[in-house]
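Produce the complete structure using the sequences and hints provided.
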Amino acid sequence: MADYPQLTNSEVIGKLLAGLNHPDPKMICRIIAELERMRNPLAINPLSKLAIDPTKAAQVRRCAVEALGKLGHNRAVDVLLQALDDLDAEVRQVVPPALAAVGDLRAVEPLMRVAHFDNDVNVRRQAIRYLGTFGDPYVIDTLTETLSDPDEMIRVAAVNALADLRDPSTLATLIEMFHRDESGRVRATIIAGVQLFPTGDYIDLCLIALQDADKRVRSNAVLAFGKTDDARVIEPLVNTLLNDDDTRTRGHAARVLGKKGDERAVEPLIITLRDSDPWTQECARFALADLDTPEAREALKYWKKSQ
27 MADYPQLTNS EVIGKLLAGL NHPDPKMICR IIAELERMRN PLAINPLSKL
77 AIDPTKAAQV RRCAVEALGK LGHNRAVDVL LQALDDLDAE VRQVVPPALA
127 AVGDLRAVEP LMRVAHFDND VNVRRQAIRY LGTFGDPYVI DTLTETLSDP
177 DEMIRVAAVN ALADLRDPST LATLIEMFHR DESGRVRATI IAGVQLFPTG
227 DYIDLCLIAL QDADKRVRSN AVLAFGKTDD ARVIEPLVNT LLNDDDTRTR
277 GHAARVLGKK GDERAVEPLI ITLRDSDPWT QECARFALAD LDTPEAREAL
327 KYWKKSQ
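Sequential numbering from 27 applies to the sequence shown in the working numbering.
Watch out, some of these pointers could steer you wrong.
Only pairs whose alpha carbons sit at most 25 angstroms apart, straight line, appear in this in silico DMTMM-like list of lysine to aspartate or glutamate [said to hold, decoys possible]: (1) Lys82 <-> Asp111; (2) Lys75 <-> Asp50; (3) Lys330 <-> Asp316; (4) Lys52 <-> Glu116; (5) Lys331 <-> Asp303; (6) Lys286 <-> Asp301; (7) Lys241 <-> Asp255; (8) Lys330 <-> Glu289.
These are computed hints drawn from the structure, not numbers from a lab.
Now the structure itself:
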């Protein structure tokens with residue numbers, strides 16, 4: 027948008043608001059973005075009208091909804107709730123994150139309705155994903171029910187939402203789901219999620235996850251080990267470092283071992299300096315530098331001379 031160096035802030039706002047009547051939807055969205063950037067509350071009412079105006083292009087309604095969410099004022103809640111019934115699914119998709127950004131608990135029950143009944147799977151996924159951000163345990167039953175949805179991405183969204191809530195009562199449900207879900211993406215999301223729970227009862231699950239056929243699951247399990255002081259993880263990490271067939275997983279294992287400060291990792295990390303993958307080699311170098319034992323320093327010195 028053009029600058030208005032000679033105008034006061036209120037005059038600039040006035041010109042931008044007048045521009046919301048422009049015939050080109052792309053231009054209106056550019057104006058909306060500028061109003062959002064200025065964060066002036068005078069924009070809330072005009073944007074609210076745009077968000078639910080059926081005569082405006084869906085692109086404009088979508089831009090207005092997104093801007094209202096980023097402005098984060100609870101004056102917009104009623105309008106955003108109306109937008110959940112927009113005829114265009116792409117507009118409805120952006121309403122859940124906008125409501126989550128505002129954070130008003132009035133949004134919880136309407137989002138639960140959308141999670142169950144919207145006819146667009148992507149809208150349902152968005153509603154499920156953002157239900158977890160309100161911190162309201164009232165949504166647990168809805169989220170738990172959607173863990174059995176046939177759509178993989180719905181299940182991923184439900185796992186992420188439950189991880190956001192971090193309610194200890196749901197941890198056992200997620201662990202049980204890990205063992206039965208056939209989707210590697212879902213299992214990887216569970217491993218990433220359970221480590222957020224305050225109880226810390228995820229180590230046994232992650233030890234199992236290191237044997238998973240899906241590399242994303244194994245990689246997330248390795249990263250989870252970086253958040254625990256449990257000494258049981260050292261040997262499995264070393265085994266992963268030396269034997270996993272995925273370079274990313276081996277690299278993560280190297281970096282986590284370096285942070286553990288356990289000298290049992292030094293020799294395996296020295297071996298990994300000769301890994302077939304350059305990034306994994308680099309991770310091993312960083313890890314040896316972190317451990318900083320005499321043997322690690324000598325190995326790094328020798329490695330530098332050999333380059």
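Against the structure, the hints come out as follows:
The hinted pair formed by Lys82 and Asp111 meets the criterion: a straight-line CA distance of about 15 angstroms does not exceed 25 angstroms. The hinted pair formed by Lys75 and Asp50 meets the criterion: a straight-line CA distance of about 17 angstroms does not exceed 25 angstroms. Among the hinted pairs, Lys330 with Asp316 is consistent with the structure: their alpha-carbon atoms are about 16 angstroms apart, no more than 25 angstroms. Annotation: proposed proximity of Lys52 to Glu116 holds, straight-line Cα distance about 16 angstroms (limit 25 angstroms).
Note on Lys331 and Asp303: the hinted pairing holds, with a Cα-Cα distance of about 19 angstroms set against a maximum of 25 angstroms. A C-alpha spacing of about 21 angstroms is found between Lys286 and Asp301, which places the hinted pair at or below 25 angstroms, so the restraint holds. Distance restraint check for Lys241 and Asp255: the Cα-Cα separation of roughly 24 angstroms lies within the 25 angstroms cut-off, and the hinted pair is therefore satisfied. A distance of roughly 21 angstroms separates the Cα atoms of Lys330 and Glu289; the hinted pair therefore holds under the 25 angstroms criterion.
Going down the numbered hints, you'll see the structure goes against none, and every one checks out.
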